[in-house]
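Trainee: These protein sequences, in sequence, are chains A and G. The first sequence lines up with residues 1 to 105 when you count with our numbering. The second sequence lines up with residues 106 to 544 when you count with our numbering.
Hints in this document: simulated from the structure, not taken from any laboratory. Wrong hints could be hidden among the right ones.
[Stated by the list, open to error] Subject to a maximum C-alpha distance of 25 Å in a straight line, what follows is the list of computed BS3-like cross-link-like pairs (lysine-lysine): (1) G:Lys532 x G:Lys405; (2) A:Lys92 x G:Lys321; (3) A:Lys55 x G:Lys234; (4) A:Lys92 x G:Lys410; (5) A:Lys18 x G:Lys234; (6) A:Lys6 x G:Lys321; (7) G:Lys405 x A:Lys18; (8) A:Lys92 x A:Lys6; (9) A:Lys47 x A:Lys92; (10) G:Lys410 x A:Lys18; (11) A:Lys18 x A:Lys55.
[Claimed, not checked] Which chain A residues stay away from chain G? Per the calculated CB distances, all over 12 Å, these: (12) Arg5; (13) Cys38; (14) Gln40; (15) Ala43; (16) Met101; (17) Glu102; (18) Ile103.
[To be verified] Label-pair ranges, simulated between beta-carbon atoms: (19) A:Leu78 x G:Pro471: 28 to 36 Å; (20) A:Cys38 x G:Arg179: 46 to 54 Å; (21) G:Ala169 x A:Gly52: 46 to 54 Å; (22) G:Arg448 x A:Gln40: 38 to 46 Å; (23) G:Pro156 x A:Glu39: 57 to 65 Å; (24) G:Ala501 x A:Glu39: 50 to 58 Å; (25) G:Val320 x A:Glu39: 19 to 27 Å; (26) G:Asn505 x A:Gln40: 44 to 52 Å; (27) G:Glu165 x A:Ser93: 28 to 36 Å; (28) A:Glu9 x G:Glu519: 42 to 50 Å; (29) G:Gly506 x A:Ala48: 38 to 46 Å; (30) G:Asn505 x A:Arg32: 53 to 61 Å.
The beta carbon of each residue, even a glycine, is placed where N, CA and C say it ideally should be.
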Amino acid sequence: MKLKRKLYELAHCRAGDKGDTLTLSLFPYDERDYPLLCEQVTADKVKAHLQGIVKGEVTRYALPNLCALQFVCREALLGGVTTSLTLDTHGKSLSYALLEMEIEA
Amino acid sequence: MLRIGSGAGFAGDRLDPAVRLAEQGNLNYLVLECLAERTIALAQRRKLQNPATGYDSLLERRIAPLLPVIKKQRVRLITNMGAANPLAAADKIVELACQLQVPVKVAAVTGDDVADWIDPEQRVLESGKPISAYAPVISANAYLGAEALLPALESGADIIVTGRVADPSLFLAPMIHHYRWRLDDFTRLAQGTVVGHLLECAGQLTGGYFADPGVKDIPNMADLGFPYADVDEDGRATISKLEGTGGAITLATAREQLLYEVTDPLAYHTPDVIVDFSGIQLREVGPDRIEVFGARGREKPPTLKVSIGYRAGFRGEAEISYAGHNAQGRAELAGEIVRERLRQEVGEVRIDYIGSTSTHRKSFTPDVVPYEVRMRAAALTPTPELAARIGEEVEALYTNGPAGGGGVRRSVNEVIGIVSTLIPREKVATQVTIRELVP
Numbered sequence: 001m002k003l004k005r006k007l008y009e010l011a012h013c014r015a016g017d018k019g020d021t022l023t024l025s026l027f028p029y030d031e032r033d034y035p036l037l038c039e040q041v042t043a044d045k046v047k048a049h050l051q052g053i054v055k056g057e058v059t060r061y062a063l064p065n066l067c068a069l070q071f072v073c074r075e076a077l078l079g080g081v082t083t084s085l086t087l088d089t090h091g092k093s094l095s096y097a098l099l100e101m102e103i104e105a
Numbered sequence: 106m107l108r109i110g111s112g113a114g115f116a117g118d119r120l121d122p123a124v125r126l127a128e129q130g131n132l133n134y135l136v137l138e139c140l141a142e143r144t145i146a147l148a149q150r151r152k153l154q155n156p157a158t159g160y161d162s163l164l165e166r167r168i169a170p171l172l173p174v175i176k177k178q179r180v181r182l183i184t185n186m187g188a189a190n191p192l193a194a195a196d197k198i199v200e201l202a203c204q205l206q207v208p209v210k211v212a213a214v215t216g217d218d219v220a221d222w223i224d225p226e227q228r229v230l231e232s233g234k235p236i237s238a239y240a241p242v243i244s245a246n247a248y249l250g251a252e253a254l255l256p257a258l259e260s261g262a263d264i265i266v267t268g269r270v271a272d273p274s275l276f277l278a279p280m281i282h283h284y285r286w287r288l289d290d291f292t293r294l295a296q297g298t299v300v301g302h303l304l305e306c307a308g309q310l311t312g313g314y315f316a317d318p319g320v321k322d323i324p325n326m327a328d329l330g331f332p333y334a335d336v337d338e339d340g341r342a343t344i345s346k347l348e349g350t351g352g353a354i355t356l357a358t359a360r361e362q363l364l365y366e367v368t369d370p371l372a373y374h375t376p377d378v379i380v381d382f383s384g385i386q387l388r389e390v391g392p393d394r395i396e397v398f399g400a401r402g403r404e405k406p407p408t409l410k411v412s413i414g415y416r417a418g419f420r421g422e423a424e425i426s427y428a429g430h431n432a433q434g435r436a437e438l439a440g441e442i443v444r445e446r447l448r449q450e451v452g453e454v455r456i457d458y459i460g461s462t463s464t465h466r467k468s469f470t471p472d473v474v475p476y477e478v479r480m481r482a483a484a485l486t487p488t489p490e491l492a493a494r495i496g497e498e499v500e501a502l503y504t505n506g507p508a509g510g511g512g513v514r515r516s517v518n519e520v521i522g523i524v525s526t527l528i529p530r531e532k533v534a535t536q537v538t539i540r541e542l543v544p
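Work out the full structure, taking the sequences as your base and the hints as a guide.
Mentor: Structure below.
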């Protein structure tokens, strides 16, 4: 049986915002783990993991030149930085929500 | 080689790293990016109250220590601290220069204010609704490109002060000016835009926003250095920071910043160029030195993005703390009571549960988790009176329970909302105005 691991153990992440859209950039610490992330961290899995946060669609871009995956999550910031009622109106802390995801590694 | 430093990554950024960069960085240009989405709308509101204001509220505190340094070191300063009123900002800078007895030439770039050109029936990008659904509108500012800054750079001004300009364009403009890049040389414009995008958040590139103790350790963060780039005539650049400053520039910090806020890495839109990130290469070329190259670009979009600010109502917020055994249960009960009490008047109230060690200064019983919980209630309402009801109801928990509630804080703030639309670029005419203090 394969071991379950938190993304936090093998990758780092940065969140960004544009209006109500959340971007999550994911990078393995070790470039050899990049294929594993590409295989396991799909747009569907991210959408499922962030249910309750991301209402709209999740698009994934693979950027092998940067050893990066970029997730663009629509309708994720409760209206966006100006009118959101949350404490973290930018959603900056949500990078660590993605890193709580478990993958088989 | 052209050297451009980044002295501020947002309106509230630290004041001192820019001075150090200007003093010791051997810079040609220093860029201070100080204008977020909603900052300009708030500045427009200040300008409505007093037409001599509307520029960045930290303008004087940033410029006063920088002015003598940039003159001495012959660094030209570019900033969007003009916010809603670049002309008043230029006047204020000249006034400061007069007090400091430092001669200065300031160029104000205007034309981003397109409030008079906006069609209320036009749709906004976020919802597809017409602009008129977001009333009352208080501001409409187009994102200008690097081209708008070129006449200001040609004028020889020491300081170029703008309103709304796309962030990377503030950095791209001096590259175009210095190397005489053609405005249809989209490969170079793309490369310069990527360099600008890397630099625009200052400390986010030098490892500050990257740090995670024990996992991603970054040295000396209280004295974080801000970045600069050495850009060659093809737009290939090396990013670095001053020796002896805190922070770190590594492949990992640069990668995080490169993709920050990018919603389509294959087509990153700016007023100058559409950039494709798929060929970008980052390479470590020394300690705290990263080389960046390989961006591709194509024809700029025919429209400019416009941010529209509108009065969205009032945000009422209030918090109360519970600690020790069953803190969570008591906080949740408090949240339910507030929600129930406000259901009729206010409608939906957002309830959050916050906490770690603020209430008892520590945890007396580590196996009670969470040891403390702070209940927060918030709602957006059409009037300040209704917004104040949130605080009234949370404060009423002091005597009406649940048990052990303490530390109420409450506030009411007006909310300026932002939506976006597009405008044909021909409709936007920009001007440069010179203000000067001659010796």
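Trainee: Checking against the hints above, which ones are violated?
Mentor: none
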